[in-house]
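Visitor: Protein chains in written order, with my numbering: chain A, 1 to 196; chain B, 1001 to 1173.
Just so you know, the hints here were simulated from the structure itself, not pulled from any lab data. Be a bit skeptical, because a hint or two may be false.
Mimicking SDA-like on lysine to any residue, the simulated pairs with C-alpha atoms at most 25 Å apart in a straight line are [as the list claims (entries may be wrong)]:
no., chain 1, residue 1, chain 2, residue 2
1, B, Lys-1091, A, Tyr-192
2, B, Lys-1154, A, Asp-45
3, A, Lys-71, A, Pro-171
4, B, Lys-1091, A, Ile-86
5, B, Lys-1154, A, Thr-113
6, B, Lys-1091, A, Thr-186
7, B, Lys-1091, A, Ala-182
8, B, Lys-1006, A, Tyr-192
9, B, Lys-1091, A, Ala-155
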Amino acid sequence: MSKPTPTLDRRDILATLFPSTDDILFITGLAGSARDAAGLTNDGDNLFTMAGAMGAAVPMGLGVALAAPEKQVAVVTGDGELLMNIGSLASVATMAPGNLSIVCIDNGCHGETGGQTGHTSNRTDLVKMAEGAGLASIMVLETADQMEAAAKFLAETPAPRFLQVRVTDGPPTDFKRNLNPAQCRTRFRNAYLASR
Amino acid sequence: MTDTDKNAWVPDLLNLFVDAGVTFFPYIPDAGNARLIELAEAHNEARPVLLTSEEEGVAVCAGADLVGERGVLCMQSSGVGNCANFLSLVKGGGFPILMMVSMRGDYGEQNPWQYPMGQAVEPVLHAMGVLTFRVERPEDLKTAATAALSASGKGGQAAALILGQKFLGAKAF
Chain A
1 MSKPTPTLDR RDILATLFPS TDDILFITGL AGSARDAAGL TNDGDNLFTM
51 AGAMGAAVPM GLGVALAAPE KQVAVVTGDG ELLMNIGSLA SVATMAPGNL
101 SIVCIDNGCH GETGGQTGHT SNRTDLVKMA EGAGLASIMV LETADQMEAA
151 AKFLAETPAP RFLQVRVTDG PPTDFKRNLN PAQCRTRFRN AYLASR
Chain B
1001 MTDTDKNAWV PDLLNLFVDA GVTFFPYIPD AGNARLIELA EAHNEARPVL
1051 LTSEEEGVAV CAGADLVGER GVLCMQSSGV GNCANFLSLV KGGGFPILMM
1101 VSMRGDYGEQ NPWQYPMGQA VEPVLHAMGV LTFRVERPED LKTAATAALS
1151 ASGKGGQAAA LILGQKFLGA KAF
């Protein structure tokens, strides 16, 4: 079954999905999703972005969600990063944290390394994989008229949630974030611990 | 040796972990951590997290650290190989994560598949900046575990407690 051609621009997505970001802890994968989330939060101290360790975003978000159950936690990552450690969706389903959302910005390619074709441009269906893993709530966002419903999905459905956002292969948000992981760890940790 | 004797060290080790503030036990099942995970399941202050690949546990522990909690990643020696690139996050970010590695391919091993990774455990961990504390005799356990907890606690280092096959007993084939 062929999929509709994506029309959404990834740079327009996150601000609608997360109208208020201050009370959410964000963990992102590397590359485009990190830049989009850094643009959303102005590289805030409630954000930890990666620029390596591909595949670590979902399990790191799981660790945060389990250890900070009073906070909402959002993982923002890409299709390539997610697929590199797709088994972590099973770990999320088993632990079933009630405060974790996973937003996969699926551009169907490896944008950071030159736009090489990814599996989701071929036969792979991330929603079926998330369903198979056993996540509680799952949605696909692929047209502009679904944006409000997707924001509501993240705010109101039972977690753990999985939102696949099908976007064009255009560029991510133009934002230069802090790439020093030790500074980013300290910044995030200090801000969280001071807020408790 | 009865099974009870073989696992006699486990309750004390769990208590050491929990008393040091370790609450999360991400794991891939192994004979060498089976009893620890069973006891952790039954403990009010311990929370096992079943993984699909050991590398996930590196990230789970790092995530817990971001909000001030501690975990110990429990895995067989073969899993250390799966963790290598995720240890970039640990080394670069200064995440003081703790691991417990139950050895295969070490002392008395009869499965040839276990030797290559078993023998590479400490070189790989050292290459990625993880300190190792080895247990070969029952009397080593408390001091090695305490040292690993100190290193990964106030010491701020990534550390691994290595349970040797001489200590655990080699699996018969």
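Visitor: Confirm or reject each hint.
Guide: Hints versus structure:
Only pairs whose Cα atoms come within 25 Å are accepted, and Lys-1091 of chain B paired with Tyr-192 of chain A is accepted, the gap being roughly 21 Å. At roughly 23 Å between alpha-carbon atoms, Lys-1154 of chain B and Asp-45 of chain A fall within 25 Å of each other, so this suggested pair holds. For the hint pairing Lys-71 of chain A with Pro-171 of chain A, the CA-to-CA distance comes to about 31 Å; that exceeds 25 Å, so the pair is violated. A threshold of 25 Å between alpha carbons decides the hint, and for Lys-1091 of chain B with Ile-86 of chain A the separation of about 24 Å falls inside it, so the pair holds.
Annotation: proposed proximity of Lys-1154 of chain B to Thr-113 of chain A is violated, straight-line Cα distance about 39 Å (limit 25 Å). Of the pairs offered as hints, the one joining Lys-1091 of chain B and Thr-186 of chain A holds, with about 14 Å between alpha carbons and a cut-off of 25 Å not exceeded. Taking the CA atoms of Lys-1091 of chain B and Ala-182 of chain A, the gap is about 9 Å. The hint holds against a cut of 25 Å. Restraint check: the Cα-Cα separation between Lys-1006 of chain B and Tyr-192 of chain A comes to about 42 Å, which exceeds 25 Å; the hinted pair is violated.
As the CA atoms of Lys-1091 of chain B and Ala-155 of chain A are separated by approximately 35 Å, the hinted pair breaks the 25 Å bound.
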